[in-house]
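The residues making up each chain are set out below.
Protein chains: 4
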Amino acid sequence: MSDTSGTPTGRVVLGANQYGKAECRLVRITRDTPVHEIDDLTVTSQLRGDFTACHTDGDNAGVVPTDTQKNTVNAFARDGVGAPEDFLLRLARHFTEGFEQVSGGRWEAQRHAWQRIPVDGAPHDHAFVRSGTHTRTAMVLVEDGETHVLGGLRDCTVLKSTGSEFHGFPRDRYTTLAETDDRILATSITAWWRYGAADPDALDFDALHAAVTATILETFAQVHSLALQQTVFECGKAVLEAFDEVAELRISCPNKHHFSVDLEPFGLDNPGEVFYAADRPYGLIEASVEREGVTPPAAVWAAVPGFV
Amino acid sequence: MSDTSGTPTGRVVLGANQYGKAECRLVRITRDTPVHEIDDLTVTSQLRGDFTACHTDGDNAGVVPTDTQKNTVNAFARDGVGAPEDFLLRLARHFTEGFEQVSGGRWEAQRHAWQRIPVDGAPHDHAFVRSGTHTRTAMVLVEDGETHVLGGLRDCTVLKSTGSEFHGFPRDRYTTLAETDDRILATSITAWWRYGAADPDALDFDALHAAVTATILETFAQVHSLALQQTVFECGKAVLEAFDEVAELRISCPNKHHFSVDLEPFGLDNPGEVFYAADRPYGLIEASVEREGVTPPAAVWAAVPGFV
Amino acid sequence: MSDTSGTPTGRVVLGANQYGKAECRLVRITRDTPVHEIDDLTVTSQLRGDFTACHTDGDNAGVVPTDTQKNTVNAFARDGVGAPEDFLLRLARHFTEGFEQVSGGRWEAQRHAWQRIPVDGAPHDHAFVRSGTHTRTAMVLVEDGETHVLGGLRDCTVLKSTGSEFHGFPRDRYTTLAETDDRILATSITAWWRYGAADPDALDFDALHAAVTATILETFAQVHSLALQQTVFECGKAVLEAFDEVAELRISCPNKHHFSVDLEPFGLDNPGEVFYAADRPYGLIEASVEREGVTPPAAVWAAVPGFV
Amino acid sequence: MSDTSGTPTGRVVLGANQYGKAECRLVRITRDTPVHEIDDLTVTSQLRGDFTACHTDGDNAGVVPTDTQKNTVNAFARDGVGAPEDFLLRLARHFTEGFEQVSGGRWEAQRHAWQRIPVDGAPHDHAFVRSGTHTRTAMVLVEDGETHVLGGLRDCTVLKSTGSEFHGFPRDRYTTLAETDDRILATSITAWWRYGAADPDALDFDALHAAVTATILETFAQVHSLALQQTVFECGKAVLEAFDEVAELRISCPNKHHFSVDLEPFGLDNPGEVFYAADRPYGLIEASVEREGVTPPAAVWAAVPGFV
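Chains as they are written, first to last, in our numbering: chain A, 421 to 728; chain B, 421 to 728; chain C, 421 to 728; chain D, 421 to 728.
Think of the hints as simulated: they come from the structure by calculation, not from any bench. Please read these numbers as outputs of a predicted model, since none were measured by experiment. The beta carbon of each residue, even a glycine, is placed where N, CA and C say it ideally should be. Hints are not guaranteed to be accurate.
Beyond 10 angstroms from chain B on every Cβ pair, some chain A residues (computed) [said to hold, decoys possible]:
1. Arg445
2. Glu517
3. Ala662
4. Gly713
Within a straight-line C-alpha distance of at most 20 angstroms, the following computed EDC-like cross-link-like pairs (lysine to aspartate or glutamate) qualify [claimed, not checked]:
5. B/Lys676 to B/Glu599
6. C/Lys676 to B/Glu443
7. C/Lys676 to D/Glu457
8. D/Lys676 to A/Asp487
9. C/Lys676 to C/Asp602
10. B/Lys676 to B/Asp619
11. B/Lys676 to C/Asp506
12. A/Lys676 to A/Asp602
13. B/Lys676 to A/Glu443
14. A/Lys676 to D/Glu443
15. A/Lys676 to A/Glu585
16. A/Lys676 to C/Asp699
17. A/Lys676 to A/Asp575
18. D/Lys676 to D/Glu563
19. D/Lys676 to D/Asp575
20. A/Lys676 to A/Asp699
21. C/Lys676 to A/Asp699
22. C/Lys676 to C/Asp601
23. B/Lys676 to D/Asp487
24. D/Lys676 to D/Glu566
25. C/Lys676 to D/Glu443
26. D/Lys676 to D/Asp699
27. C/Lys676 to B/Asp487
28. D/Lys676 to C/Asp699
29. C/Lys676 to C/Glu585
30. B/Lys676 to B/Asp575
31. B/Lys676 to B/Glu661
32. D/Lys676 to C/Asp506
33. D/Lys676 to B/Asp699
34. A/Lys676 to A/Glu599
35. A/Lys676 to B/Glu443
36. B/Lys676 to C/Asp601
37. D/Lys676 to D/Asp540
38. B/Lys676 to B/Glu585
39. A/Lys676 to D/Asp602
40. D/Lys676 to A/Glu443
Start from the sequences, fold in the hints, and give me the full structure.
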């Protein structure tokens with residue numbers, strides 16, 4: 421254990437820092453016609469730049485208040501929201517171009533899904549029910565003069581009732597796990613992917629997000645799994661092969677164990693039918709899937725929560 | 421403040437009590453054909469009866485272990501699950517008929533919804549994604565020799581972007597709320613309804629649950645609301661009018677406030693477009709909707725969590 | 421399964437109902453001297469009475485807005501908070517005496533605990549850290565012209581590392597549980613007790629709450645447990661025997677299972693030292709402990725969430 | 421937006437990855453004497469190394485099962501737990517020294533606090549109640565042949581009822597926030613610090629953790645705050661100045677807004693006494709406090725969740 425160090429001077433200094441307003445709960449109704457549209461986002465705005473005086477002396481001359489950041493989120497929504505990635509890009513440009521001391525930042529959104537309530541078989545004009553298979557996420561990171569856009573998803577819980585094996589692993593003194601050639605594979609997918617395009621404004625983020633998500637789900641369904649790691653890698657690989665716009669992808673998957681219940685004491689067999697869904701502990705598989713020759717920008721991925 | 425009392429003797433005695441195993445996470449795969457089916461339930465079993473000796477003397481001679489109750493849930497699933505209400509009825513009969521000291525109990529289930537992952541436009545045989553607009557709930561209560569069956573739903577978040585007013589309320593010293601003739605109405609519906617049929621085995625609980633739920637959603641969508649109370653009552657009324665099988669219904673709805681954001685300081689108007697979705701505090705509207713002449717059984721509704 | 425019924429008329433009517441503002445997050449600083457005091461409460465106010473016209477016709481003439489209820493909570497805090505029970509009594513009187521249509525209601529509070537941050541060994545004047553072993557709860561219920569006051573606690577997690585047995589229970593086809601004469605007993609206590617005094621204003625609720633809580637904790641520690649039911653009953657009994665002011669007590673205790681880990685496969689014994697703390701399922705023990713001859717008022721206990 | 425790139429080959433490859441068992445709920449009782457001790461930890465073990473074949477081919481020959489990792493956590497607890505940092509170091513050495521393919525990993529623990537239940541004024545031998553002002557955290561990261569040890573805390577909620585100002589910030593079109601020279605400052609501290617010592621086994625982690633935590637709390641209490649950023653920096657600075665063993669510290673603090681309630685509509689003043697504690701949105705202040713000349717190792721801080 422040793423420091424990656426120069427010569428310590430004894431001075432205590434400010435290192436990396438950011439600040440902002442987290443989890444602004446923004447709902448935007450588009451009501452130009454009787455058929456309303458709803459945008460439901462949780463938006464976080466975080467600024468980076470020269471804020472040393474605030475930390476060391478309580479000098480707020482450069483500190484754009486977090487309250488102002490929230491107000492800006494609301495005011496910008498007046499013009500419409502659009503794709504979350506586009507909305508975050510607008511915020512990013514506003515803050516980095518409008519304030520000299522703001523050199524970068526991190527803007528993140530979760531988009532909550534709604535569908536129209538069906539009435540007599542037809543979707544209602546202005547009544548909605550929360551739904552969906554996942555939460556869509558987006559992030560814009562500005563660092564060192566570069567703007568990075570990421571799409572993602574979370575809380576996407578999937579399960580395969582067969583087509584999953586796990587065997588051939590090493591056994592040591594502490595190994596008791598039985599090998600299996602048929603188990604339930606269940607997880608809750610969290611994924612982030614970076615759009616590598618030179619011009620983010622040229623991308624149709626809504627269409628891309630839907631297509632990437634569908635690819636991940638289809639791959640999960642179709643891969644005959646020998647390990648959750650394999651499934652995870654194949655999901656990422658399928659995305660990178662299908663979408664030139666995606667530079668790399670990181671994926672984090674808890675292995676939500678479904679243990680076969682031993683029914684023998686009750687005089688019953690259990691041919692893969694009755695399972696106990698455990699809460700904790702759980703396996704946790706995390707991987708980055710990349711394009712050979714493309715180095716993922718470290719600053720970007722350090723800003724992605726909960727990953728390797 | 422006074423006691424509803426007879427003559428206190430000074431003796432401390434056991435009153436109402438129940439015990440059991442809560443939140444058994446049961447997943448049951450039906451795999452008779454390559455097209456698998458999934459039942460994903462959280463099941464709670466609670467027994468009532470003569471358990472005084474256990475409480476007063478630690479005498480467990482009559483105490484069916486909660487572990488045994490869990491085992492029974494698992495073992496019964498070997499034969500299939502079916503409608504949650506039917507599964508709970510099987511459990512209720514097993515425990516009340518099989519153990520002399522068990523005179524009643526409370527069995528509850530939440531059913532978690534899955535849909536098949538679409539692959540090339542077709543639903544996959546054995547790959548699923550968690551989805552749905554709500555969690556289906558069910559309860560069977562046996563008390564005083566009667567068996568009661570309830571259906572329900574929770575976590576059903578709905579929103580109307582117009583068609584909701586609130587005005588005409590009394591104003592006192594502490595009233596600052598402005599009247600409005602157009603607001604967002606949003607809530608998360610929790611409802612329980614009691615099936616009043618003489619023979620529960622004659623009911624198609626799956627079909628009834630789907631139809632009741634659809635009625636609640638449609639009514640929420642269609643009622644022009646002058647108060648959340650009105651919407652809540654109309655939802656219950658619509659169910660009772662449409663379904664003879666339903667004896668009464670209780671519904672609990674937080675008013676998930678969406679406050680219009682004042683954009684005037686930024687030189688912008690806000691014609692019902694930008695809202696802040698607040699977390700707490702929230703309005704809370706709870707009501708029982710009943711059939712005149714039918715007294716809801718108090719023991720049943722005392723067993724429903726979180727209601728009036 | 422049959423209705424407790426008169427003659428159904430086919431009319432759908434409003435049954436029991438209440439409405440109000442839930443979870444007002446109130447923080448009140450008393451700063452008369454440099455040594456500040458903090459009251460941190462989550463307050464819920466729910467009104468009962470004649471609100472039929474609102475439900476059936478959207479007529480809000482009698483509907484004291486939930487926003488007004490929140491404002492009243494805040495305004496009343498200006499005069500100080502005091503014991504949560506006393507604060508709720510003030511609210512209850514205000515609403516039931518001030519509005520003809522309000523015949524009763526339910527007011528509930530959670531009190532969050534803080535302690536002073538120690539600086540150089542001395543408690544700081546105005547800096548606090550959230551702490552404590554439980555959340556204190558309180559409830560006032562006005563129904564049928566009577567005012568009932570309850571105290572309670574929740575999220576009080578306790579554990580005994582020995583002094584707990586469980587054996588002598590019946591065994592059936594589904595029983596696999598081994599008997600044990602030494603196990604970990606762990607639970608999270610939720611308790612509510614009703615103060616039976618004729619004049620609630622004569623009670624020192626702060627002192628009583630502290631003493632009742634201490635009695636519950638001491639009893640949990642001291643009872644050699646043959647079943648969690650026994651521990652639960654003894655806790656209630658100790659309170660009723662020690663405090664004439666308490667009419668009855670209800671207690672709900674999940675059995676937070678700590679399973680001894682089988683270390684034999686690793687060549688190790690495990691003499692009650694290594695445990696796995698499970699999340700779900702869990703046992704759930706609920707009981708009312710009462711005074712012989714005193715009938716607990718049903719309306720009160722129906723208003724207590726999550727109990728038998 | 422551009423890639424940090426070499427020459428893309430079109431090959432999709434595995435990047436950074438780790439896997440393991442998360443949130444093992446370990447409770448360890450030391451019962452050598454009648455005065456028991458309790459260690460209550462949530463432990464996560466994640467391995468890094470050469471696991472490419474598993475991801476690309478489902479070849480598990482090198483994949484130490486997550487189940488084995490959990491078993492190892494339990495088995496190691498048989499010998500006692502000690503300081504969480506020391507326990508994690510044992511795990512780290514076991515896995516990196518025992519398996520050729522394991523080159524590194526990340527081990528994390530949360531330690532849950534218990535205190536003895538007082539009975540007749542004396543602490544009980546074997547009855548405990550969950551308590552404490554925070555959750556202690558620990559992490560060991562092995563990467564590139566180096567072993568790093570971090571201590572931390574989370575869920576430490578603190579509040580100052582005065583001694584906090586916020587003014588002098590820039591105002592733009594979107595700024596509505598009023599300046600204040602007296603506000604409530606409240607936050608929930610999450611902090612991580614890296615121990616920079618050459619030999620971690622020489623450190624008394626329990627004593628250090630208690631002392632660092634006390635320093636953070638004392639500094640929070642004593643700094644007259646002109647911005648939460650200033651408080652955050654001073655907390656870190658105080659730790660680095662007091663403890664040579666700490667190389668750097670990162671701290672993340674939500675600004676838990678307490679808004680003064682406007683009581684004027686009710687004819688009341690509000691001299692800093694009645695506040696509404698808001699949930700969302702909240703400010704979020706994150707900073708690294710460092711020693712000049714010491715570069716924090718990027719791989720370590722990338723493994724810390726939820727930070728800049």
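Each hint, compared with the structure:
1. Arg445: Non-interface label on A/Arg445 violated, nearest chain B Cβ at 4 angstroms vs cutoff 10 angstroms.
2. Glu517: holds (18 angstroms)
3. Ala662: Its Cβ never comes within 10 angstroms of chain B, the nearest being 14 angstroms, so this holds.
4. Gly713: holds (31 angstroms)
5. B/Lys676 to B/Glu599: holds (17 angstroms)
6. C/Lys676 to B/Glu443: Since the Cα atoms of C/Lys676 and B/Glu443 sit roughly 12 angstroms apart, the hinted pair holds (cutoff 20 angstroms).
7. C/Lys676 to D/Glu457: Satisfied, since the Cα-Cα distance of roughly 19 angstroms is no more than 20 angstroms.
8. D/Lys676 to A/Asp487: holds (13 angstroms)
9. C/Lys676 to C/Asp602: holds (15 angstroms)
10. B/Lys676 to B/Asp619: violated (39 angstroms)
11. B/Lys676 to C/Asp506: Judged against 20 angstroms, a Cα distance of about 29 angstroms means the pair is violated.
12. A/Lys676 to A/Asp602: Holds - the C-alpha atoms of A/Asp602 and A/Lys676 are around 15 angstroms apart, at most 20 angstroms.
13. B/Lys676 to A/Glu443: The hint holds at about 16 angstroms.
14. A/Lys676 to D/Glu443: Holds, at roughly 12 angstroms.
15. A/Lys676 to A/Glu585: holds (15 angstroms)
16. A/Lys676 to C/Asp699: holds (14 angstroms)
17. A/Lys676 to A/Asp575: holds (13 angstroms)
18. D/Lys676 to D/Glu563: violated (36 angstroms)
19. D/Lys676 to D/Asp575: holds (13 angstroms)
20. A/Lys676 to A/Asp699: Holds, at roughly 7 angstroms.
21. C/Lys676 to A/Asp699: holds (14 angstroms)
22. C/Lys676 to C/Asp601: holds (17 angstroms)
23. B/Lys676 to D/Asp487: Since the Cα atoms of B/Lys676 and D/Asp487 sit roughly 43 angstroms apart, the hinted pair is violated (cutoff 20 angstroms).
24. D/Lys676 to D/Glu566: violated (38 angstroms)
25. C/Lys676 to D/Glu443: It holds: about 16 angstroms lies between the C-alpha atoms, which stays within 20 angstroms.
26. D/Lys676 to D/Asp699: Holds, at roughly 7 angstroms.
27. C/Lys676 to B/Asp487: holds (12 angstroms)
28. D/Lys676 to C/Asp699: It is violated: about 30 angstroms lies between the C-alpha atoms, which goes past 20 angstroms.
29. C/Lys676 to C/Glu585: holds (15 angstroms)
30. B/Lys676 to B/Asp575: holds (13 angstroms)
31. B/Lys676 to B/Glu661: The given pair, whose Cα atoms are some 28 angstroms apart, is violated under the 20 angstroms limit.
32. D/Lys676 to C/Asp506: Outside the cut-off at roughly 28 angstroms; violated.
33. D/Lys676 to B/Asp699: This hinted pair holds, its Cα atoms lying about 14 angstroms apart.
34. A/Lys676 to A/Glu599: It holds: about 17 angstroms lies between the C-alpha atoms, which stays within 20 angstroms.
35. A/Lys676 to B/Glu443: Satisfied, since the Cα-Cα distance of roughly 16 angstroms is no more than 20 angstroms.
36. B/Lys676 to C/Asp601: Roughly 50 angstroms separates the two Cα atoms, so the pair is violated.
37. D/Lys676 to D/Asp540: violated (39 angstroms)
38. B/Lys676 to B/Glu585: holds (15 angstroms)
39. A/Lys676 to D/Asp602: Distance of about 48 angstroms is beyond 20 angstroms: violated.
40. D/Lys676 to A/Glu443: Holds. D/Lys676 to A/Glu443 sits at ~12 angstroms (cutoff 20 angstroms).
Hints 1, 10, 11, 18, 23, 24, 28, 31, 32, 36, 37, 39, counting from the list given before, are not met by this structure.
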